[in-house]
Amino acid sequence: MSVLVGYVPTRYGTAALAAAVAEARLRSTSLVVVNASAGDATADPNHLNSEQLAALTAKLAGSGVEHTVEFRSGRDPVDEIVALSADPGVELVVIGLRHRNAVGKLIFGSNAQRILLEVERPVLAVKPGP
Amino acid sequence: MSESAPTTTWRQQISWGELAAALVLGGVGVAMIVDTRSIRVLATANAVGPRFFPYVVGGAAAIVGLWLAVAVFRGDRAEPEASEDIDLEQKTDWRTLAMLTGAFVAYILLITPLGYLLSTMLFFGGTAFALGARRPRSLIITTLVVPFITFMVFTRLLGIYLPNGVLQAVI
Amino acid sequence: MDNVGFLLDGFATALTPTNLMFAFIGVLLGTAVGVLPGIGPAMTVALLLPVTFSLPPTSAFIMFAGIYYGGMYGGSTTSILLNTPGEAASIVTALEGNRMAKAGRGAAALATAAIGSFVAGTIATIALSFVAPQVVKLAVALGPADYVALMVLAFVTVAAVLGSSIVRGLASLSVGLMIGLIGIDAQTGQARFTLGIPQLLDGVDVVVVAVGLFAVGEALWVASRLRHTAAELIPIRGKGMTRSDWQRSWKPWLRGTALGFPFGTLPAGGAEVPTFLSYALERRLSKHKDEFGKGAIEGVAGPEAANNAAAAGVLVPLLSLGLPTSATAAILLAAFQQYGLQPGPQLFSNNSALVWALIASLYIGNFMLLALNLPLAGIWVKLLRIPRPYLYAGILMFAALGSYTVNLSPVDLALLLALGVLGYFFRRYGWPVAPAIVGLILGPVAEQQLRRALAISQGDTSILVSSAFSILLYTATALVLIVPLVYRLTHRSRDDEVRPAPDEQGSSSPLDDDNATKTTELNEMAEPGVQSTSRSVPPDRKDSE
Chain A
1 MSVLVGYVPT RYGTAALAAA VAEARLRSTS LVVVNASAGD ATADPNHLNS
51 EQLAALTAKL AGSGVEHTVE FRSGRDPVDE IVALSADPGV ELVVIGLRHR
101 NAVGKLIFGS NAQRILLEVE RPVLAVKPGP
Chain B
1 MSESAPTTTW RQQISWGELA AALVLGGVGV AMIVDTRSIR VLATANAVGP
51 RFFPYVVGGA AAIVGLWLAV AVFRGDRAEP EASEDIDLEQ KTDWRTLAML
101 TGAFVAYILL ITPLGYLLST MLFFGGTAFA LGARRPRSLI ITTLVVPFIT
151 FMVFTRLLGI YLPNGVLQAV I
Chain C
1 MDNVGFLLDG FATALTPTNL MFAFIGVLLG TAVGVLPGIG PAMTVALLLP
51 VTFSLPPTSA FIMFAGIYYG GMYGGSTTSI LLNTPGEAAS IVTALEGNRM
101 AKAGRGAAAL ATAAIGSFVA GTIATIALSF VAPQVVKLAV ALGPADYVAL
151 MVLAFVTVAA VLGSSIVRGL ASLSVGLMIG LIGIDAQTGQ ARFTLGIPQL
201 LDGVDVVVVA VGLFAVGEAL WVASRLRHTA AELIPIRGKG MTRSDWQRSW
251 KPWLRGTALG FPFGTLPAGG AEVPTFLSYA LERRLSKHKD EFGKGAIEGV
301 AGPEAANNAA AAGVLVPLLS LGLPTSATAA ILLAAFQQYG LQPGPQLFSN
351 NSALVWALIA SLYIGNFMLL ALNLPLAGIW VKLLRIPRPY LYAGILMFAA
401 LGSYTVNLSP VDLALLLALG VLGYFFRRYG WPVAPAIVGL ILGPVAEQQL
451 RRALAISQGD TSILVSSAFS ILLYTATALV LIVPLVYRLT HRSRDDEVRP
501 APDEQGSSSP LDDDNATKTT ELNEMAEPGV QSTSRSVPPD RKDSE
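The listed protein sequences correspond, in order, to chains A, B and C. The numbering of the first sequence is the working numbering, which starts it at 1 and goes up by one. The numbering of the second sequence is the working numbering, which starts it at 1 and goes up by one. The numbering of the third sequence is the working numbering, which starts it at 1 and goes up by one.
Just so you know, these hints were derived from the structure itself, not from any lab. Bear in mind the structure is a predicted one, so any value in this text is a computation, not a measurement. Fair warning: there could be bad hints in the mix.
[Stated by the list, open to error] Distance windows between CB atoms, simulated:
{"#": "1", "chain 1": "C", "residue 1": "R237", "chain 2": "A", "residue 2": "K59", "range": "13 to 21 Å"}
{"#": "2", "chain 1": "C", "residue 1": "G189", "chain 2": "B", "residue 2": "G159", "range": "32 to 40 Å"}
{"#": "3", "chain 1": "A", "residue 1": "R98", "chain 2": "C", "residue 2": "L201", "range": "57 to 65 Å"}
{"#": "4", "chain 1": "B", "residue 1": "V41", "chain 2": "C", "residue 2": "V465", "range": "23 to 31 Å"}
{"#": "5", "chain 1": "C", "residue 1": "A371", "chain 2": "A", "residue 2": "R100", "range": "49 to 57 Å"}
{"#": "6", "chain 1": "B", "residue 1": "L23", "chain 2": "C", "residue 2": "V483", "range": "22 to 30 Å"}
{"#": "7", "chain 1": "B", "residue 1": "G17", "chain 2": "A", "residue 2": "H99", "range": "51 to 59 Å"}
{"#": "8", "chain 1": "C", "residue 1": "I197", "chain 2": "B", "residue 2": "G27", "range": "14 to 22 Å"}
{"#": "9", "chain 1": "C", "residue 1": "H491", "chain 2": "B", "residue 2": "L23", "range": "25 to 33 Å"}
{"#": "10", "chain 1": "C", "residue 1": "G104", "chain 2": "A", "residue 2": "E66", "range": "31 to 39 Å"}
Virtual Cβ for every residue (Gly too), placed ideally from N, Cα, C.
So here's chain A without its partners, still in its complex pose (with noise of 0.2 Å):
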């Protein structure tokens, strides 16, 4: 039994991952990061860089929680963590909320919105600190 975390290098990433190391270790489960990128520009801010990957690894190893770290490039995100949440081992996704209003809903679409619908599993949404 796992739980899958949505991991991007930002604060709402950050507030995610820092929630699903809290949740697997109540569940006494192990922990899925995945960083998935659509890998269709050039450049992507979601793609762990080196130091982001370095920082991330130094993070989980000290949260004292089983880990395993997934890379994933070349499809929408979020139908990434929809298939992976469709394995049966899966018991959580957490991932975080970032507020949009009415217009950059309409331009940008909701991500959190999709998930939250389409995956069949419970979801954590996480919104980061003050």
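Using the hints, position chains B and C against chain A.
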């Protein structure tokens, strides 16, 4: 031409496509030489006429084509061009190429009847889709906005005329 | 020294608000296309050629020159911060620049590149201001036969030095020459190779060919092997250049300029050779040799300066002789032709205001570029976030627009597609594109000069080799062809294996013996983004349904 024992036969290492291209080049060169003879030369004795340079160029193309064909046949290969957006490990994605070409052909056929703005929107959307843009929201918005802005900038700001077919009266 | 007077007049023209605006647009566009993969300054100028119908020539050329220089600056930003640089001349900057960025000294690398480019660009432009008129004085003594020899040399060097395979360069050149022959012969009014299609009577438009081979060809090629991962973008760290950085940089800047400018002026194929040479030189002279390969600032300072100086150098034969020695120069020549201007001695005497305004705006452009690139590098790289589908769709859209506006005819679009397919095959088989462009644009000019020469001599071909100058040039041409071939043959007989795989002919460029180390490093850099650890990529990576 490999001296060190090859495990794959050297025939597999020849780039047949490039060999064909080289032969085409040579062939076109020869065709050029042949076609040059049908260019009428005016009767001025001194000046070098319109045939001279085509003979030279056609001849050069034929020679180079042959030289290249021989080189390719002997296994010579050049690096395909690399770029940040290319993954050379992949095999050619014929589907995407076909879609792109299709979009282009449609554009060629539709640009006059439909006018610039509409046909360009179709073209832009089609090519973006072919290249992998799948999120419907972004796709629709960009397809509507980018060609429109381009059209406005070029016709209004730069004063270049772009016939607009069906929308001619409107925009 | 009335040249200084001309130059000052040029400044007066270049400093008008309109022309300043065009210079600014040019450098802005140039930096943007330098950063972005898939487009470059040559293609951008080609795309803008039709637009110039509504612009006065001075403003148009000021903008083009801005694009030209800007492309260089943008290219260095990407090569330092991105793991996989695109342009050949930037690969050298990436060798050390990349390592510096990874080591947390990206800001210093960017600074030395930008400042070095500025220093080199300014000094080289000064040199240009003095050398070009001198060349013009010499050029007046040249006759058509000498021009023919010059062009033959230009053709051969562009084909032989750019790219790694001489025969493919020549193949590309002959394609360009052949396309250039289509149309009505200017001197006799005979239609040539028009295949019965009336639209071809005017020849194939330069814009369509350039844009087709560059833009559409590139788009098709990228589409065929689209990368589905992002490349690693190294964050900019560090505080900029320290005192020791400055001390280590200023001499390489000057040496790089000294190397770059002369090479740029020669028909030796542009910026690649001097940047490699500069790197090798800096490595040899450096007191910090062990840092090379790990982020030595000299390795960025020198080559960047050489790159920019060479770019200015290329303008010397272009403006004073009408001889383009790179693809971008060829397109600039085409721009001159569109306006009915002939670069060379006539340009300096009849249109001296234009030329000097152009040169003056180069100085201004350099200042603008320094201001744009030094503080704003981080913003420029954000351009790389544009998703590839939209980027290339946009490129294709502009390509089609540029071709369509020539005649408002879908036939040109069909030609564009055909040339795009041709461009695709060029890239697939490793045929360089630049010789085709040079052949296309310079071919008709060469033919004209050839016929003029032979008309003067009444058909006696010996006139082509009658002057010392032309003999000299033909010898040089022969050397350019023969030396690399001999080199390769002798080297091949030394190592026993003949490998048909991706050739190492990159190392056969007439350089020093540091080739072995350099090639391995270059191969490392040229490898499309080898990413970091723990990659688990799903099997259906390529499909994006």
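Hint check results:
Between R237/C and K59/A the Cβ separation comes to about 20 Å, which falls inside the hinted range of 13 to 21 Å. The hint said 32 to 40 Å for the Cβ distance between G189/C and G159/B, and at roughly 34 Å that hint holds. At about 60 Å, the beta-carbon gap between R98/A and L201/C stays in the expected band of 57 to 65 Å. Between V41/B and V465/C the C-beta distance comes to about 25 Å, which sits within the given range of 23 to 31 Å.
Checked against the hint of 49 to 57 Å, the C-beta distance between A371/C and R100/A comes to roughly 35 Å, which is inconsistent with it. Distance hint check: the CB atoms of L23/B and V483/C are about 29 Å apart, consistent with the given range 22 to 30 Å. The hint said 51 to 59 Å for the Cβ distance between G17/B and H99/A, and at roughly 53 Å that hint holds. The given range of 14 to 22 Å is respected by I197/C and G27/B, whose C-beta atoms sit roughly 20 Å from each other.
The hinted range of 25 to 33 Å is satisfied by H491/C and L23/B, whose Cβ atoms lie roughly 29 Å apart. Evaluation of the 31 to 39 Å hint for G104/C and E66/A yields a pass: the beta carbon distance comes to about 32 Å.
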